Amino acid sequence: MKVSFPLSLKVTLWLLLNLLLLGVAATAFLIAQGGLSWDSLVAGPAGERLHALATVVSGEVAAADPAARNDVLDRFGAAYHANFVIVRNHGAELAGKPVTFPPEVRQRIDEGPLDEVPHARPGLGLRRGPGGPPGMTSGNPPRGRGRGQPFGMPARGGFLVRGGDPVRWWVGLRVPFPQAGDLPAPATLVLRVRSFWDVVNLLGLETWFFGVAGVLALSILFWLPLVRSITRHLRALTAATERIAEGRFETRVATSRRDELGRLGESVNRMAGRLDTLVNGQRRFLADIAHELGSPIGRLQVATEILESRLDPALREHVADVRDEVQHMAGLVNELLAFTKAGMRPRDAELATVSLDAVVSEVLAREDPTHRVLQRVVPGLHVLADEPLLTRAIANLIRNALRYAGESGAITLHADKNGDNATIVVEDEGPGVPAAALERLGEPFYRPESARTRETGGVGLGLAIVRSALSACGGNVHFSNRSPRGFRAEVTGLRLSQPPASGA
0 MKVSFPLSLK VTLWLLLNLL LLGVAATAFL IAQGGLSWDS LVAGPAGERL HALATVVSGE
60 VAAADPAARN DVLDRFGAAY HANFVIVRNH GAELAGKPVT FPPEVRQRID EGPLDEVPHA
120 RPGLGLRRGP GGPPGMTSGN PPRGRGRGQP FGMPARGGFL VRGGDPVRWW VGLRVPFPQA
180 GDLPAPATLV LRVRSFWDVV NLLGLETWFF GVAGVLALSI LFWLPLVRSI TRHLRALTAA
240 TERIAEGRFE TRVATSRRDE LGRLGESVNR MAGRLDTLVN GQRRFLADIA HELGSPIGRL
300 QVATEILESR LDPALREHVA DVRDEVQHMA GLVNELLAFT KAGMRPRDAE LATVSLDAVV
360 SEVLAREDPT HRVLQRVVPG LHVLADEPLL TRAIANLIRN ALRYAGESGA ITLHADKNGD
420 NATIVVEDEG PGVPAAALER LGEPFYRPES ARTRETGGVG LGLAIVRSAL SACGGNVHFS
480 NRSPRGFRAE VTGLRLSQPP ASGA
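Just so you know, numbering that gives the first Met the number 0 puts 130 at position 131 of the sequence shown, and the rest follows in order with no gaps.
Everything labelled a hint here was simulated from the structure, so no lab data went into it. Please read all numbers here as calculations on a predicted model, not as lab measurements. All C-beta atoms, glycine included, are put in the ideal place defined by N, C-alpha and C. One or more hints might be untrue.
[Said to hold, decoys possible] Using C-beta positions, here's what the derived DEER-type ranges look like:
| # | residue 1 | residue 2 | range |
| --- | --- | --- | --- |
| 1 | 253 | 196 | 40 to 50 Å |
| 2 | 323 | 253 | 48 to 58 Å |
| 3 | 208 | 17 | 17 to 27 Å |
| 4 | 279 | 212 | 54 to 64 Å |
| 5 | 321 | 235 | 50 to 60 Å |
| 6 | 20 | 207 | 32 to 42 Å |
| 7 | 253 | 15 | 50 to 60 Å |
| 8 | 323 | 266 | 27 to 37 Å |
| 9 | 444 | 222 | 46 to 56 Å |
With the sequences and hints as input, model every part of the structure.
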């Protein structure tokens, strides 16, 4: 079974692919700037804000009284929704509440230098605004107040690790921190946050994320009207061509567009008009021929009956063969008349409310005197239809089932509601038809010869009349084989109607 991919999905995927390529190009640029790893977020240009924050935190902690250092880190932690700890490389914690580091985090901390102190350099700083939490400001970096030791932004270094139980994100930033002898020694400021989004906030990239999402949304909204306009017109063209394929040649599509789709719609309308002219002309031709043949065939029937009664008994068998052929011709002419009557029914004729129970009862009383057909019709089921044509269609389906089901085969007819429409199903246990012939059933004069021959009756117009009659009533018929054997005809599309008021 072929998988269907709507055009709107293809255009949308093409748009997203275009945006993805732009995203890949932007990512490649960022990688070229800072490398391809989680650490590049900290060590690259995106980590500028974090390193400025590390400078401020280490400076204020170093300037604070040792007993108040944890309070300083708690204040920063509350402001940035993270746990702050300052750790001596290859050593113990210097400030902050005790934390159990995952092995992978401990390893990254110990990778830091033990003796070399990152030199200070000017850069962006973070200061706490008056009365508010620490924030980012531009200008000279803050200086620690601990014994006049300056604290600038250290040379860039750090890591970003995801680990632990429960899993958390750990950010490590290399900072100088005064220890014994008042000399700054290498240390690591470790931040523990709950989610990657918290890391994004720390890096100050949330604006970029929202910007990218906004660009994607605006791009989709920009393309959406064009995509909807194209796909809506294509859906209309598809629906119109399907109705034309069902024989509804009066179907037309809108031609207001001034592009290739508009010209395609005009071509479809011209095609429908030509088919309407050709098919109706053919039906009128068949109707005229059938009408003209009716009289001479009728006279032939009378003549053969008279001839048979007056001939020598030895010749009556030959005359009987002639009479059978004339009778077959008469049946063919009658079928042609019924087919053309159903096919040339005025399309604007008003359909009336018809009781399905009454129609089925009438058909079965005439076509099934032995009561072989088991019927299950929902009581009070009414549809909008042309009663003579609907009666003829159901009668042909019942006659077809009785003819090919065999003497012992079960036949069922059931009618039920299906939303706002009614469904009528006729099933038998006959031989069915070849699978390749199912699509052609309902074509005039078509008979799958391998299963249904002239000896079993029929000229190939019975199911064509069914299709034409139901089309005039606004319905359709679908033919299929049953498993393990049998044939099924399903009538759909007949609109439900309210029963007429009593006394009307």
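Hint check:
{"no.": "1", "hint": "253 - 196: 40 to 50 Å", "result": "48 Å, holds"}
{"no.": "2", "hint": "323 - 253: 48 to 58 Å", "result": "55 Å, holds"}
{"no.": "3", "hint": "208 - 17: 17 to 27 Å", "result": "20 Å, holds"}
{"no.": "4", "hint": "279 - 212: 54 to 64 Å", "result": "58 Å, holds"}
{"no.": "5", "hint": "321 - 235: 50 to 60 Å", "result": "56 Å, holds"}
{"no.": "6", "hint": "20 - 207: 32 to 42 Å", "result": "18 Å, violated"}
{"no.": "7", "hint": "253 - 15: 50 to 60 Å", "result": "30 Å, violated"}
{"no.": "8", "hint": "323 - 266: 27 to 37 Å", "result": "50 Å, violated"}
{"no.": "9", "hint": "444 - 222: 46 to 56 Å", "result": "51 Å, holds"}
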